[in-house]
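Please work from the sequences and hints to get the whole structure.
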Amino acid sequence: MRQRQFDLVVVGCGAGGLSAATAAAEKGASVAIIERAPESERGGQTRYTEAYLRMKSKQEVTDDFEEHMAANGGGYIDPDLVQETLRPLDERQPQARTLNMVDPEFLQTLAGQAGPTIAWLESFGLQFDFLPTQFLTKSQPRLLPVGGGLALVEKLAGQAEKLGVSFFYETTFCGLEVNEAGCVTSLVARDAAGRRERFFGKIVLACGGFEGNAEMLTRYIGPRSIYLRPICKGALFNRGEGIEMALAAGAATCGDFGSYHAEPIDPRSGVSEPSVFAFPYGVLVNKEGSRFTDEAPGAVDAHYENITRRIYEQTAGLAYVILDQKHTRIPKYRLSLRTDQPPLSASSMEDLATLIGVPAKPLMATIEAFNAACVDGVFKPLEVNGLATVGLSPAKSNWAVPLDEPPFHAYPIISANVFTFGGLKIDENAQVLNTDGRRIEGLYAAGEIVGSYYHTYTGATSVLKGLVFGRQAGLHAIKSRQAGALREVRA
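At position 417 of the sequence shown the residue is numbered 417 (our numbering), and the sequence of numbers has no breaks.
Any given hint could be a false lead.
List time: in silico DSS-like cross-link candidates among lysine-lysine, alpha-carbon distance up to 30 Å [claimed, not checked]:
no., residue 1, residue 2
1, Lys479, Lys58
2, Lys56, Lys380
3, Lys380, Lys479
4, Lys326, Lys361
5, Lys287, Lys155
6, Lys479, Lys155
7, Lys155, Lys58
8, Lys287, Lys326
9, Lys332, Lys233
10, Lys138, Lys155
11, Lys56, Lys332
12, Lys380, Lys138
13, Lys233, Lys361
14, Lys155, Lys233
15, Lys233, Lys162
16, Lys326, Lys380
17, Lys138, Lys56
18, Lys27, Lys155
19, Lys361, Lys138
20, Lys361, Lys162
21, Lys138, Lys27
22, Lys361, Lys58
23, Lys27, Lys58
24, Lys332, Lys380
25, Lys287, Lys233
26, Lys27, Lys479
27, Lys233, Lys326
28, Lys162, Lys27
Source of the hints: derived by calculation from the structure; they are not laboratory data.
Given below as structure tokens:
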């Protein structure tokens with residue numbers, strides 16, 4: 001088996017992996033990136049996302065950032081043990097070192113290092129701005145890299161190449177090697193021809209979740225995961241080996257393994273992220289023609305995930321949003337429709353039912369009951385103003401106006417699996433913890449492989465998490481290696 005030696009070996013070429021590699025290479029380290037995809041598709045899911053960042057400026061995260069993540073950062077944890085997490089990791093009671101929750105140090109590092117990480121990215125040419133998003137109503141601002149995730153990938157990869165980072169494309173991570181002291185010393189990978197190679201060095205796992213692994217999806221999320229689809233083609237490279245290999249090496253877990261980030265998409269479309277965020281202005285019906293949820297409890301950016309989860313629960317994991325012509329007069333309404341497929345359109349609700357394959361009588365009764373429950377009021381589509389139905393269950397809390405202006409439109413919607421929630425537990429320096437809550441020497445993780453979400457995703461934090469902890473991993477791995485070398489010289 002051929003053997004290669006590097007200071008740092010990174011698995012994965014998305015935001016987390018590229019940040020780790022670039023940060024380490026800037027400090028003079030020899031770095032390798034192992035990437036399953038060909039060069040033309042490098043970047044994982046980062047390549048396909050717009051890379052929203054939950055920040056109110058280039059220096060600061062939003063006011064609700066830590067509060068929202070903490071509120072959705074675990075299950076029902078013993079309050080005495082939660083209190084223990086306020087102490088340094090090495091001083092905690094043993095059972096509090098690997099609680100199934102997000103630790104305070106993790107959140108503080110993510111929030112505190114967001115600004116410095118943006119400044120670092122700007123230092124080699126990336127630009128950021130508050131650009132229009134797909135959310136016509138939003139509760140929090142979102143900073144975007146100009147050019148989206150693709151710009152992140154190309155700028156980071158370009159910088160890494162300039163610094164001499166070695167890229168190994170179409171190469172698959174196969175396993176970690178651990179010495180008798182419990183330190184990770186190397187990994188094994190195979191190339192496109194099936195040849196195996198051993199890479200020595202400190203390891204950063206940045207190879208995503210398990211969105212592209214049907215067996216793991218069924219095992220953790222359940223058999224209904226057959227109704228899910230990855231948000232983009234890049235997710236199919238994320239097959240969960242990084243998680244499984246790390247667990248085999250003794251890593252602790254974090255995040256909700258039975259859940260994922262849900263986004264409403266049009267199943268007819270093959271484009272990346274063909275989202276449908278226009279549903280607050282119509283009604284959602286299932287294949288039986290019935291409403292099943294409040295389509296508009298508030299700003300769409302804060303509620304779309306919970307609504308998409310209700311769609312996932314319906315027959316065949318499918319629903320339709322029914323709209324009339326009023327939605328086409330909403331300013332910039334097309335921003336809320338990323339699908340490249342046209343709406344199904346008909347001049348009557350009965351004909352629309354036939355087009356979408358829903359029984360006509362139940363659908364017509366649903367629309368009639370909804371229209372009757374709407375009250376007079378001013379329709380203000382770009383602000384949450386409480387124009388709600390009366391006497392209807394489930395209620396519609398905002399933007400409730402009758403659907404009475406043909407032609408009527410319908411878009412099919414399913415739940416996309418943007419990324420899985422379950423993953424590895426790390427400290428503030430991105431070092432992976434073992435099941436006893438001790439750091440596994442030589443092993444780091446960044447990006448979606450790091451578990452940090454429960455219940456509901458804190459929007460626009462995933463790419464930021466990858467960037468911040470990728471950089472943390474690269475800097476700490478090289479700093480600790482240099483410190484170790486200095487100790488050896490002095491000895």
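Hints, verified against the model:
Between Lys479 and Lys58 the alpha-carbon distance is near 27 Å, which keeps this suggested pair within the 30 Å criterion. Of the supplied pair hints, the one linking Lys56 and Lys380 holds, its CA atoms being roughly 25 Å apart against a limit of 30 Å. Taking the CA atoms of Lys380 and Lys479, the gap is about 54 Å. The hint is violated against a cut of 30 Å. Restraint check: the Cα-Cα separation between Lys326 and Lys361 comes to about 24 Å, which is no more than 30 Å; the hinted pair holds.
Between Lys287 and Lys155 the CA atoms are separated by roughly 45 Å; this puts the pair beyond 30 Å, and the hint is violated. Of the supplied pair hints, the one linking Lys479 and Lys155 holds, its CA atoms being roughly 24 Å apart against a limit of 30 Å. A hinted pair counts as satisfied when its Cα atoms are at most 30 Å apart, and Lys155 with Lys58 qualifies at roughly 18 Å. A hinted pair counts as satisfied when its Cα atoms are at most 30 Å apart, and Lys287 with Lys326 qualifies at roughly 24 Å.
For a cut-off of 30 Å, the pair hint linking Lys332 to Lys233 stands: about 27 Å separates their Cα positions. With a CA separation close to 29 Å, the supplied pair Lys138 and Lys155 stays within the 30 Å bound. Restraint check for Lys56 and Lys332: satisfied, since their Cα atoms lie roughly 23 Å apart, inside the 30 Å limit. Pair hint Lys380 plus Lys138 holds up; C-alpha atoms about 14 Å apart against a cutoff of 30 Å.
About 38 Å separates the Cα atoms of Lys233 and Lys361, which puts this hinted pair outside 30 Å; it is violated. Taking the CA atoms of Lys155 and Lys233, the gap is near 21 Å; set against the 30 Å cutoff, the hint holds. Our distance criterion of 30 Å between C-alpha atoms is met by Lys233 and Lys162, whose separation comes to about 28 Å. Of the supplied pair hints, the one linking Lys326 and Lys380 holds, its CA atoms being roughly 12 Å apart against a limit of 30 Å.
As the CA atoms of Lys138 and Lys56 are separated by approximately 13 Å, the hinted pair is consistent with the 30 Å bound. Note on Lys27 and Lys155: the hinted pairing holds, with a Cα-Cα distance of about 18 Å set against a maximum of 30 Å. At roughly 36 Å between alpha-carbon atoms, Lys361 and Lys138 are farther apart than 30 Å, so this suggested pair is violated. With a C-alpha separation of about 65 Å, the suggested pair Lys361 and Lys162 falls outside the 30 Å cut-off, and the hint is violated.
Taking the CA atoms of Lys138 and Lys27, the gap is near 40 Å; set against the 30 Å cutoff, the hint is violated. The hinted pair formed by Lys361 and Lys58 fails the criterion: a straight-line CA distance of about 53 Å is larger than 30 Å. The hinted pair formed by Lys27 and Lys58 meets the criterion: a straight-line CA distance of about 24 Å does not exceed 30 Å. For the given pair, Lys332 sits about 14 Å from Lys380 by alpha-carbon distance, which is consistent with the 30 Å threshold.
Restraint check: the Cα-Cα separation between Lys287 and Lys233 comes to about 27 Å, which is no more than 30 Å; the hinted pair holds. The straight-line distance between the Cα atoms of Lys27 and Lys479 is roughly 9 Å, inside the 30 Å bound, and the hint therefore holds. Under the criterion of a C-alpha separation no larger than 30 Å, the hint pairing Lys233 with Lys326 is inconsistent with the structure, at around 34 Å. Using a Cα cut-off of 30 Å, the hinted pair Lys162 and Lys27 holds, with the two alpha carbons roughly 13 Å apart.
Checked against the numbered hints given earlier, this structure breaks hints 3, 5, 13, 19, 20, 21, 22, 27; the rest are met.
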